[in-house]
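Undergrad: Protein chains in written order, with my numbering: chain A, 14 to 292; chain B, 13 to 349; chain C, 854 to 1120.
It is worth saying that the hints were derived from the structure and are not from the lab. Please note that the accuracy of each hint is not assured.
Taking lysine to any residue pairs in the SDA-like style, the calculated list, with each CA pair at most 25 Å apart, reads [claimed, not checked]: (1) B:LYS182 with B:LYS113; (2) B:LYS317 with B:ASN190; (3) A:LYS103 with B:SER24; (4) A:LYS184 with B:ARG142; (5) B:LYS193 with B:GLU42; (6) B:LYS179 with B:ALA136; (7) A:LYS21 with C:GLU894; (8) B:LYS40 with A:LYS184; (9) A:LYS103 with C:THR1009; (10) A:LYS185 with B:ALA136; (11) A:LYS185 with B:ASP68; (12) B:LYS115 with A:LYS103; (13) B:LYS113 with A:GLU188; (14) B:LYS179 with B:ASN190; (15) C:LYS948 with C:GLU894; (16) B:LYS77 with B:THR37; (17) B:LYS165 with A:LYS103; (18) B:LYS332 with B:SER278; (19) B:LYS196 with B:CYS73; (20) C:LYS1078 with C:LEU927; (21) C:LYS1040 with A:GLU200; (22) C:LYS948 with A:TRP202.
Spelled out, the chains give:
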Amino acid sequence: MSNRQYIKICLIPFAFLIVAFEILPLMSIVAGSLGDGHGGYSLIQYKNAITSRFYMQGIANSFRVSIISAVVATIISVAGSYSIRRLAPKIRDAVMLISNMTSNFSGIPLAFAFIVLIGNNGVVTIIMKMFGLNLRDYFNLYSIAGLTMVYTYFLVPLGILLMYPAYDGIKKEWEEAALILGATRIEFWRHIGIPAVFPSIMGTMSILFANALGAYASAVALTSGNINLLSIRIGALVSGDINLNPELASALAVILGMIVVFTNLVSQSMTRGRRRARK
Amino acid sequence: MSYVTVEKLSKSFKGNKIIDNLDFTIEKGEFVTLLGPSGCGKSTLLRCIAGLEQIDGGEICIDGKEVSRLGPRDRGIGMVFQSYALFPNMTVRENIGFGLKMKRVNERERREKVDAMMELVDIADKAEARIQEISGGQQQRVALARALAVEPKILLLDEPLSALDAKIRKSLRLQLRNIQKQLKITTVFVTHDQEEALTMSDRIFVFDKGRISQMGTPADIYSLPQNEFVAGFIGNYNMLTSDDVEEISGARLEGELFAIRPEVISVYGEAPPEKGGVLHLRGIVEDTVVLGSILRCYLDVKNRKIVADMLNREENYFEKGEEVQLLISQKEISRIR
Amino acid sequence: MRRKLMHYIAAAIILIYLSIPLAVTFLYSIAQKWQSSVLPESYTIAWYQAVLSDIRFWNALGRSFFISIASVILCLAVMIPTVFIITMYLKKYEKYIEIISIIPFSIPGVVYAVGLIRIYSKGPVNIGGTVWILLGAFFIVVMPYMYQAVRNCLMTIDARQLMEAAELLNATKLQAFVHVILPNIMKGITVSALLAFSLLFGEFVLTNILVGGAFETVQIYLFTKQNFSGHLCSAIVIMYFICVLVLSLLTTTANKLISGRSRGGIQ
């Protein structure tokens, strides 16, 4: 059937690009991680990575920052996106436009803006000094906490974008029926609303987590590599002048990828219980 | 003391008056239908009674209590939505028990009440099913059970049967009415389907553009329309002015506008039997349509279009173009104006 | 009514939260001196003058635009037919393409860059450090977004029914696709295309690791200037934002015009 063949031909560009730029690099990373530096195969890179307290701490730090910022950003997005949906159409579109615009505000410019705001000579720091308070006593931008705050910031627009269509699935009549049956608004959300969007919430959180874990530019700009993060370590091993070690980088990359996949599976299994209901 | 009293109710949307100064009462245990075409405000009225819409003016009293300032939770109503609005993450049992759960009824009592409800609507065999797994008719019954489980003061139904196919609709109509009679619960039912309104109700309120055009029993509404709108909306009335009547029958009637039901017109091929108090007309058959048990005959009487309904019997079949004679008893002619 | 107010307040809080860093950056870009006071000590537009007169900036801007637009167009050109074909005729492959589209989300930029460099920096296909590797990488980066967008769009317009109707009216599959499906998709994917564009426009990680200075985009330019002056950087950032904003507004207005015209005709 030439129709079939014709169709398969149309898929060739896609197949080519996917193989060249997704499959091969993926395989290459895995292959690289199994190299021992002399052309043979071994798990020595993984051993190096896992036994190094330095790298393990990097992984732990990355995990901590990403999970906290992802959870906080998800909560903000869930509430924020719902509120935005309830605005008048013109205002709503304007707010979404601004939100989408600020989703571009990541990496170096963002880090810099935060430095201006709450860095050592930041605006907020100075204001607090006027009241006799030292911001540094409570909060240090150039630390894990500071990084978490910056991450949360740039995850929110993405979260709002992802959660926005999820609320299409909640019918207004559910809320009305629940109210008539005696539920308060909060009870409605607890028993019906949140369960209905739960899969989307989990999905959004996974994506935000993956995003945070891989964030590189903001971290570099803020800390000049002084903080031990997995993504920075990988970057340093690949393009650094001192410790060029692409094999180790590959191993760490695979570990990072596996953390993401694992988190994805966890969130999917949490949704599966609910998913049975959606059938 | 009426159970439900509505006084001077008004509601507007974006400058359009949807409900215009409405007054009516409903007795305890009565089954009232709000009947009217799409967009006439009947669903809005229901939602105002339920507390899902804020009213712009007037008062609503349920069981002696003025409720227009209360939220839907506190009015003591039960409601069945057009799309049922069953909660998708819960089973049939959980759905029905939801209202009781919100009222903090303890688990044993809740279970008893839910079981009783499921028996009432005959859905006990599907107690643990998810709502996506049951049919439309079954979902409707679950929605009804859920609304009744909390023993509301009044039951509101917003076109609950419109999403079902004809056969199920007919059987559910009966079930619904029987349950209502059994529980003696005051019910307000919204529909645009005349047959539903006529078969189920104690009283019908016919709605036109936010006002009640006529209130009455099904018999009154059907046979004694009081204005042009009702006559045009209910049944298939032939509308004739007094000049029309004089021209086609020679009789001069008192009044300006008359409505004649198709089933009161008798059509004969040859000379009809002599009777007093009837109008005698001559016309030509344009078409005959079989509607099932009814034959609908489209006639031309001196250039006026008349529709006559007869039982589907051999003697009532006429040919196109055939000249026929019609008898209409004067008692059956409704005067509109 | 009180609840409506709550939503407006929530949205306002979020807006303020999102705008503060931008506002601060803007202030910094027009400040001559702002060391230790709440507001700048003096104002100037000198920074903007410096940026706008730097030819390197304009070149970088051009490169950013070029690579972002080219990648988005490539992605659209490949994904629209592909997703269409898979959802219409090869449904059994749908789950594979879903997995393929999720993978880029699971691979952080740094990791991906490592893999790409390993293959394409040496050996037979040495495109490392060139525009081509960036183009391919960017394609993969935005592919998940385009996949979702096209898929949602096809579902919304009920592509299957439209195709059937067109074919009954004597169109070939190709004609039906070009005249019926394509125009309807165009409208729906504008937002996603815009999102993809802004995403790539602001991309730094891959650009830095894969091509670095060899193909200086606005982000790389920004990075190099980071140690010189914060004021200059702020001005660059604001310029860059204005560009994205202008493009967004242009595209949305163009979209409204197109759909407005077609609505008059066909409806």
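Undergrad: Run every hint past the structure and note whether it holds.
TA: Hints and how they fare:
no. : hint                    : verdict
1   : B:LYS182 with B:LYS113  : violated, 33 Å
2   : B:LYS317 with B:ASN190  : violated, 41 Å
3   : A:LYS103 with B:SER24   : holds, 23 Å
4   : A:LYS184 with B:ARG142  : holds, 18 Å
5   : B:LYS193 with B:GLU42   : holds, 9 Å
6   : B:LYS179 with B:ALA136  : holds, 22 Å
7   : A:LYS21 with C:GLU894   : violated, 65 Å
8   : B:LYS40 with A:LYS184   : violated, 33 Å
9   : A:LYS103 with C:THR1009 : holds, 23 Å
10  : A:LYS185 with B:ALA136  : violated, 28 Å
11  : A:LYS185 with B:ASP68   : holds, 22 Å
12  : B:LYS115 with A:LYS103  : violated, 40 Å
13  : B:LYS113 with A:GLU188  : holds, 16 Å
14  : B:LYS179 with B:ASN190  : holds, 17 Å
15  : C:LYS948 with C:GLU894  : violated, 59 Å
16  : B:LYS77 with B:THR37    : holds, 14 Å
17  : B:LYS165 with A:LYS103  : violated, 42 Å
18  : B:LYS332 with B:SER278  : holds, 17 Å
19  : B:LYS196 with B:CYS73   : holds, 19 Å
20  : C:LYS1078 with C:LEU927 : violated, 31 Å
21  : C:LYS1040 with A:GLU200 : violated, 39 Å
22  : C:LYS948 with A:TRP202  : violated, 32 Å
Comparing the model with each earlier hint shows violations of hints 1, 2, 7, 8, 10, 12, 15, 17, 20, 21, 22; every other hint is respected.
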